[in-house]
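Chains as they are written, first to last, in the numbering used here: chain A, 1 to 101; chain B, 1001 to 1178.
It is worth saying that the hints were derived from the structure and are not from the lab.
A few of these clues could be false.
Which chain B residues face chain A? A few, computed with CB under 8 Å, are given here [claimed, not checked]: (1) Y1020; (2) V1022; (3) V1024; (4) K1026; (5) L1030; (6) S1031; (7) E1044; (8) F1051; (9) F1055; (10) I1058; (11) R1113; (12) Y1131; (13) K1159.
Since the model is a prediction, treat every value here as computed from it, not as a measurement.
A virtual CB, placed ideally from N, CA and C, is assigned to each residue, including glycine.
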Amino acid sequence: MQNKRDDFDTIIINSFKDITVSDEYNKKLMQKLHKKQLPDSKRNNLIPSYALIAAGLLSIFLSITSLQVHITNFESRFFDKAVITEINQHSIINFIKQLGE
Amino acid sequence: MEEQEFVEKMKTKDENAFIYMVDVYKKRILSLCYSYTSDYYEAEDLSQEVFISVFNNIDKFREESSFSTYLYKITTSKCIDYTRKRSIKNFLTGLFIFSKESTQDIDNQNFIRQSIQSLPLNLKTPLVLYYYIGLTQKEIADILNLPLKTIEGRIYRAKNKFKNIIETEVPFYAEQKR
Chain A
1 MQNKRDDFDT IIINSFKDIT VSDEYNKKLM QKLHKKQLPD SKRNNLIPSY
51 ALIAAGLLSI FLSITSLQVH ITNFESRFFD KAVITEINQH SIINFIKQLG
101 E
Chain B
1001 MEEQEFVEKM KTKDENAFIY MVDVYKKRIL SLCYSYTSDY YEAEDLSQEV
1051 FISVFNNIDK FREESSFSTY LYKITTSKCI DYTRKRSIKN FLTGLFIFSK
1101 ESTQDIDNQN FIRQSIQSLP LNLKTPLVLY YYIGLTQKEI ADILNLPLKT
1151 IEGRIYRAKN KFKNIIETEV PFYAEQKR
């Protein structure tokens, strides 16, 4: 191993001299330190993972039970009934009108 | 404040002692992290992670080595972890993005830093600890748990590799040497 420093040693050493520490470094560090010590922050970090698990379970439940088909059936049956009721109402009104004339 | 004193105070969770320790080491730890990240903000995050980890686990410091050796040990291990995570991330993003960074616009200092960064991990770590942090080869051997001769050889090989990169990429250096 060489003892004297050559050009390349100087190049390597100098290449990192322009790195300066920001004024906010300690402030940010203390914020991070206190954030990590808070128990709530851990709980907050878990929320997205719980949401993801819940979404997965919901999609599995939907695909197994074909719930969307049931909902569509219910919706179309409801509209059928509504249309039938409307037609019936119109025919009753028309009948009353005819009686009146 | 002596090393022993701030270590003892940190064990009692004294934040002033922690800040004192951070002020003593932050420039060197940041430089060491920067040699792995090549991005100032990532280096800052990584170095802060090191300090928080040291403060939270100071009870595990048995004082068998000096505090600085312990701190550099944690830093190098965090940096190596970071490199591994990043190589996985780069591999995954590389599957979808096919672009290569241009080296034309980078300045000399950045080019040198990137050349050092491109060295294999086992050569880069001793080189960085030796040149940037200014540790002795014996201290580096302690930090990396390797024999002194191995460290000597690695620094020598790292420097030769770095020389080759510089001489190939920057013809000016090669011409100067002739």
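Structure-based check of each hint:
Interface restraint check: B/Y1020 against chain A, minimum CB-CB distance 11 Å, threshold 8 Å, status violated. Taken as an interface hint, B/V1022 checks out: its beta carbon lies about 6 Å from the nearest beta carbon of chain A, inside 8 Å. Violation of the interface hint for B/V1024 is found here, the shortest Cβ-Cβ separation to chain A being roughly 12 Å, above the 8 Å cut-off. Interface hint status for B/K1026: upheld, as the beta-carbon distance to the closest one in chain A is roughly 5 Å, under 8 Å.
Interface hint at B/L1030: satisfied, since its Cβ lies 6 Å from the closest Cβ of chain A, which is below the 8 Å cut-off. Restraint check, B/S1031 versus chain A: the minimum CB separation of about 5 Å is within 8 Å; hint holds. Of the supplied interface hints, the one on B/E1044 holds, with its beta-carbon coming within about 7 Å of a beta-carbon of chain A, less than 8 Å. Below 8 Å, beta-carbon pairs count as interface contacts, and B/F1051 has one with chain A at about 6 Å; its hint therefore holds.
For B/F1055, the interface hint holds, since its Cβ comes within 8 Å of a Cβ in chain A; the closest pair sits about 7 Å apart. Because the closest C-beta pair between B/I1058 and chain A is about 13 Å apart, greater than 8 Å, the hint is violated. Taking 8 Å as the C-beta contact cut-off toward chain A, the hint placing B/R1113 at the interface holds, the least distance being around 5 Å. Residue-level restraint check for B/Y1131 holds (minimum Cβ-Cβ distance to chain A is 5 Å; threshold 8 Å).
Interface hint at B/K1159: satisfied, since its Cβ lies 6 Å from the closest Cβ of chain A, which is below the 8 Å cut-off.
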